[in-house]
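Peer 1: One letter stands for each residue in the lines below.
2 protein chains.
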Amino acid sequence: MAHEFDVIDTFFKPLSSVASADEIGIGDDGAVLSCQAGKQLVVVTDTLIEGVHFPVETSACDIAWKALAVNLSDLAAMGATPAFYSLALSLPSEKNNQAWLEMFAGGLKQLANLYNIPLIGGDTTRSDRLTITITAQGWVESGHAILRKGAKPGDLIYVSGVLGEGGLGLKAVQQHWDKASYASAIQQLNKPTPQVTLGYYLKGLATSAIDVSDGLLADLKHILSSSQVGAWVDVKSVPVSNCMQTYIQQSNDWSLPLIAGDDYELCFTIHPDNQITIHELAEELEISLTEIGQIVTGEGGIQLKNTPQGQTSLQSLGFAHF
Amino acid sequence: MAHEFDVIDTFFKPLSSVASADEIGIGDDGAVLSCQAGKQLVVVTDTLIEGVHFPVETSACDIAWKALAVNLSDLAAMGATPAFYSLALSLPSEKNNQAWLEMFAGGLKQLANLYNIPLIGGDTTRSDRLTITITAQGWVESGHAILRKGAKPGDLIYVSGVLGEGGLGLKAVQQHWDKASYASAIQQLNKPTPQVTLGYYLKGLATSAIDVSDGLLADLKHILSSSQVGAWVDVKSVPVSNCMQTYIQQSNDWSLPLIAGDDYELCFTIHPDNQITIHELAEELEISLTEIGQIVTGEGGIQLKNTPQGQTSLQSLGFAHF
Numbered sequence: 001m002a003h004e005f006d007v008i009d010t011f012f013k014p015l016s017s018v019a020s021a022d023e024i025g026i027g028d029d030g031a032v033l034s035c036q037a038g039k040q041l042v043v044v045t046d047t048l049i050e051g052v053h054f055p056v057e058t059s060a061c062d063i064a065w066k067a068l069a070v071n072l073s074d075l076a077a078m079g080a081t082p083a084f085y086s087l088a089l090s091l092p093s094e095k096n097n098q099a100w101l102e103m104f105a106g107g108l109k110q111l112a113n114l115y116n117i118p119l120i121g122g123d124t125t126r127s128d129r130l131t132i133t134i135t136a137q138g139w140v141e142s143g144h145a146i147l148r149k150g151a152k153p154g155d156l157i158y159v160s161g162v163l164g165e166g167g168l169g170l171k172a173v174q175q176h177w178d179k180a181s182y183a184s185a186i187q188q189l190n191k192p193t194p195q196v197t198l199g200y201y202l203k204g205l206a207t208s209a210i211d212v213s214d215g216l217l218a219d220l221k222h223i224l225s226s227s228q229v230g231a232w233v234d235v236k237s238v239p240v241s242n243c244m245q246t247y248i249q250q251s252n253d254w255s256l257p258l259i260a261g262d263d264y265e266l267c268f269t270i271h272p273d274n275q276i277t278i279h280e281l282a283e284e285l286e287i288s289l290t291e292i293g294q295i296v297t298g299e300g301g302i303q304l305k306n307t308p309q310g311q312t313s314l315q316s317l318g319f320a321h322f
Numbered sequence: 001m002a003h004e005f006d007v008i009d010t011f012f013k014p015l016s017s018v019a020s021a022d023e024i025g026i027g028d029d030g031a032v033l034s035c036q037a038g039k040q041l042v043v044v045t046d047t048l049i050e051g052v053h054f055p056v057e058t059s060a061c062d063i064a065w066k067a068l069a070v071n072l073s074d075l076a077a078m079g080a081t082p083a084f085y086s087l088a089l090s091l092p093s094e095k096n097n098q099a100w101l102e103m104f105a106g107g108l109k110q111l112a113n114l115y116n117i118p119l120i121g122g123d124t125t126r127s128d129r130l131t132i133t134i135t136a137q138g139w140v141e142s143g144h145a146i147l148r149k150g151a152k153p154g155d156l157i158y159v160s161g162v163l164g165e166g167g168l169g170l171k172a173v174q175q176h177w178d179k180a181s182y183a184s185a186i187q188q189l190n191k192p193t194p195q196v197t198l199g200y201y202l203k204g205l206a207t208s209a210i211d212v213s214d215g216l217l218a219d220l221k222h223i224l225s226s227s228q229v230g231a232w233v234d235v236k237s238v239p240v241s242n243c244m245q246t247y248i249q250q251s252n253d254w255s256l257p258l259i260a261g262d263d264y265e266l267c268f269t270i271h272p273d274n275q276i277t278i279h280e281l282a283e284e285l286e287i288s289l290t291e292i293g294q295i296v297t298g299e300g301g302i303q304l305k306n307t308p309q310g311q312t313s314l315q316s317l318g319f320a321h322f
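Taken in order, these protein sequences are the chains called A and B.
Under UniProt numbering, think of the first position of the first sequence as 1, with each following residue one higher.
Under UniProt numbering, think of the first position of the second sequence as 1, with each following residue one higher.
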């Protein structure tokens with residue numbers, strides 16, 4: 001591979017621009033960052049491996065965007081404002097070239113620029129298989145991070161956007177469906193948009209939140225376990241795209257919006273008194289926020305309402321995630 | 001593999017114990033950490049890949065120790081006090097078992113307990129090849145991090161401990177030498193001790209510092225480039241073990257202490273006025289600190305003095321690292 005230090009200087013150092021003169025980005029043993037009074041640091045880490053977390057044919061630009069996006073999505077779920085990130089890149093020799101690295105750095109830059117966050121360091125190594133680990137960090141007012149443990153019986157369950165798109169995009173890519181017909185789903189798979197702004201505004205409003213990375217029901221289950229409550233979800237109210245509606249009608253497979261991962265929307269709970277505020281927030285941010293169910297007493301279980309064709313058990317969907 | 005969440009709950013959550021009630025370790029979308037007034041955050045990231053950064057036969061305990069140690073060594077070089085770390089573990093199926101994971105978690109615990117630092121999160125994924133990325137974070141008084149750029153002409157160059165041991169250990173393992181005779185070198189390769197305490201006390205004393213991970217000359221070169229100075233190094237004064245002396249006599253290869261990596265000692269510079277203080281510090285900490293050369297004007301070059309057999313060029317050592 002091109003020498004590690006050349007790769008860093010050429011492609012990654014330009015992404016590193018720290019805020020003040022007494023801070024250090026790339027170029028020393030570590031980065032030095034100033035803290036903000038009254039803030040807590042939120043730290044998240046996610047690894048993407050070629051062929052496991054994204055199809056091998058994904059473009060370098062999209063891989064980089066997604067690697068950062070999935071981390072920013074975790075920050076969003078906690079209501080944190082993204083501050084900086086580090087990158088551990090394990091690079092196979094066939095990707096260690098100007099064109100690939102330029103596109104990869106370009107993908108990072110595209111998303112990082114939206115939030116004005118610098119790359120502050122990391123490590124570049126050789127590997128058989130492309131592996132990207134990003135640790136992203138953000139700030140939240142002390143004691144104000146949105147946690148999974150705050151859901152209370154009676155709270156309403158909401159999700160942002162539409163669900164199942166990432167899973168539909170993966171099917172489209174894997175099964176070589178017509179790309180144009182599934183463009184938005186493939187876009188969602190390869191270049192998801194983290195709900196950072198929504199997360200920021202949910203602080204003090206949501207009683208709990210999580211991002212939908214492993215599938216709605218699996219992720220909701222984490223909220224329920226942490227909060228020691230149960231829930232019901234109205235399957236008919238789970239928001240889906242027109243494309244997904246067509247797919248469900250044709251395939252009779254209605255599981256994707258419930259169990260497919262890679263959506264990176266937020267699932268959150270609110271006290272019923274805040275329903276109007278949530279609708280106003282949706283209008284203000286010009287995003288869709290949909291009520292899909294409610295928290296109930298009793299630990300951990302999810303009851304599905306309005307399941308198609310009289311099916312009620314998750315097992316009948318072939319779903320054994322938990 | 002055992003389910004990711006089971007692995008986390010069983011092996012890694014016990015390593016996560018944050019300091020105060022309003023902090024979060026493992027178990028949410030991210031960790032939430034409180035900041036300290038007047039402190040800056042130092043962030044370092046290092047990846048270790050099986051077969052690249054450690055021999056395949058290395059024990060799970062030693063792999064974990066080393067993965068954390070190389071990061072703490074970077075924090076030490078900046079004078080930072082370790083605070084917490086996150087772990088991205090890509091695990092092949094043959095290592096996803098109780099015995100391996102228990103030993104791996106045990107190795108992390110052994111070293112983390114020395115500094116009372118919690119594992120605050122991360123990601124566990126499947127992979128063909130064992131890959132470990134740790135991001136470690138520490139605190140340093142604002143503006144007091146030791147940087148690479150502070151070396152001035154006339155400053156004396158010091159190193160801690162003895163050099164080349166990691167490289168000698170690697171040779172011993174790769175060439176199946178008698179393990180008992182090279183025990184301390186193999187120990188240095190597999191289970192290096194980061195110089196955290198030394199780094200802490202060098203703040204305000206060292207004008208620059210770096211850890212010796214890529215070899216003394218390569219790492220010293222980073223100090224020289226950042227500080228825009230040159231240096232001479234007295235080859236005879238570079239501290240080596242008895243074992244290394246024997247190896248050099250037998251092999252006539254005197255390059256290891258200068259160019260072998262994996263030592264994780266500190267190389268630092270001080271103003272000559274602080275020479276006595278450094279000797280007092282060495283006595284107090286009961287470690288060896290050895291003067292090996294001096295910073296001079298002129299950019300980036302290293303002149304070697306007292307090279308054996310009249311050899312003076314790095315190239316004659318087969319060394320083309322820079």
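Worth flagging that the hints you see were computed from the coordinates, not collected in a lab.
A couple of the hints might just be wrong.
A pair holds if it fits inside one copy or across any two, identical chains being indistinguishable in the list.
[Said to hold, decoys possible] With a cut-off of at most 30 Å between alpha-carbon atoms, the simulated BS3-like pairs for lysine-lysine come out as follows:
1) K39 with K203
2) K191 with K171
3) K109 with K149
4) K149 with K179
Peer 1: Pop the pair K39 and K203 into one bin, within, between, both or neither, using alpha-carbon distances up to 30 Å.
Peer 2: The answer is both: 14 Å in one copy and 26 Å across copies each meet 30 Å.
Peer 1: Can you tell me if K109 and K149 fall within 30 Å by alpha carbon in one copy, between copies, both or neither?
Peer 2: between (34 Å within a copy, 27 Å between copies)
Peer 1: Within a copy, between copies, both or neither: which one fits K149 and K179 at a CA-CA cutoff of 30 Å?
Peer 2: neither (40 Å within a copy, 52 Å between copies)
Peer 1: Measure nothing new, just compare the shortest in-copy and cross-copy C-alpha distances for K191 and K171 to 30 Å and report within, between, both or neither.
Peer 2: within (16 Å within a copy, 45 Å between copies)
Hint check: a violation occurs at hint 4 only; the rest are consistent with the structure.
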